[in-house]
Amino acid sequence: MKPPVEGWIRVTSREPVPMPDAAGEGIAETLWVDVPAWKDPKTGQIFLDGEASDKLDAVKARYLGILAPSQLRDLRAAIGVSQKGMAELLQLGEKSWTRWESGSERPSRSMNVLLCAVYDGKLDVNYLRSLADPSLRSQFKRWSPAVILDAPSYLEADNYTGSPYASETLAA
Amino acid sequence: MNSSSTNEALIPSVWRESVVRILLSGDTNSIIRTNTADSDWRHACPDAWPYQRHQAMAEALEQEGGTGRHITDMDPPCDAYEFWFNFERRKFLGKIGLLPNGNIIIIFSSHIPRKGDQL
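Here the protein sequences come in this chain order: E and S.
Following the numbering used here, the numbering of the first sequence begins with 1 at its first residue and continues without gaps.
Following the numbering used here, the numbering of the second sequence begins with 1 at its first residue and continues without gaps.
By construction, these hints were calculated from the structure, which means they are not laboratory data.
Glycine residues also receive a C-beta, built at the ideal position from the N, C-alpha and C atoms.
Watch out, some of these pointers could steer you wrong.
Unchecked claim - Every beta carbon over 12 Å from chain S, so not counted as near; a handful from chain E, in silico:
hint	residue
1	V113
2	K122
3	L136
Stated by the list, open to error - With a Cα cut of at most 30 Å, we get these calculated DSS-like pairs of lysine-lysine:
hint	chain 1	residue 1	chain 2	residue 2
4	E	K39	E	K84
5	E	K84	E	K95
6	E	K39	S	K115
7	S	K115	E	K95
8	S	K115	E	K42
Sequences and hints are given; from them, build the entire structure.
What follows is the structure in structure tokens.
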């Protein structure tokens, strides 16, 4: 691989990936990840390129449970709509959805909650359609909250072990 | 990195346009960062993604009359400027170098101001 600057050499560098807390303002924990990097032999300075960036961002996305671009493409294919159709369903700009699918940008954590609910089959796509289309909205009357509070098995104490992505796994 | 600087001045539009184009291209291989600049950003904004830094930097550089400090004698050789940019109502110091080929930038700094930081 040709270095971006002549004389730089390829090395592996262990870099920190601070994970945000629930509020998104502080750091819950920091994972360390080995990434390919460039080193300037003259100064010893380490430089990161796109490959490193992709790896660091993927670790963070997995830790936060943010759907990967491939999962977003699978989700849209399962629903059977175009990128424009998906954007309309979620009531967002088409460019946003396109950028999420390409991986050039990421959905917010709150949007990701919604996407996960659809991806995991917990949220009816027709319900989303009704929210996006006023003519369908009367099918769902809001007299009172109708939340489901029964904990599914994957959240029961005996089964839940926290994040499936331990630091050791991510750093490997 | 051996470097020296001049006083704060208008950043040339040619430089700004080239850098903004690369920042917004989404081509992460054209945007090289020092690991310290990357770490500083990730610690300051743990909930944000690097592309948001690039958008914030581009937004600052797109402004007409944007000022910064020209940094000379950079290693590796590049045309570099230091400038302020904002992200989520916070002020950051950025330092970017444009390599001579005009197609790659190096982000040398992206951190919240430290004692003594000024343009």
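Now the hints, each set against the structure:
no. : hint              : in the structure
1   : V113              : holds (14 Å)
2   : K122              : holds (24 Å)
3   : L136              : holds (34 Å)
4   : E/K39 with E/K84  : violated (43 Å)
5   : E/K84 with E/K95  : holds (9 Å)
6   : E/K39 with S/K115 : holds (28 Å)
7   : S/K115 with E/K95 : violated (40 Å)
8   : S/K115 with E/K42 : holds (28 Å)
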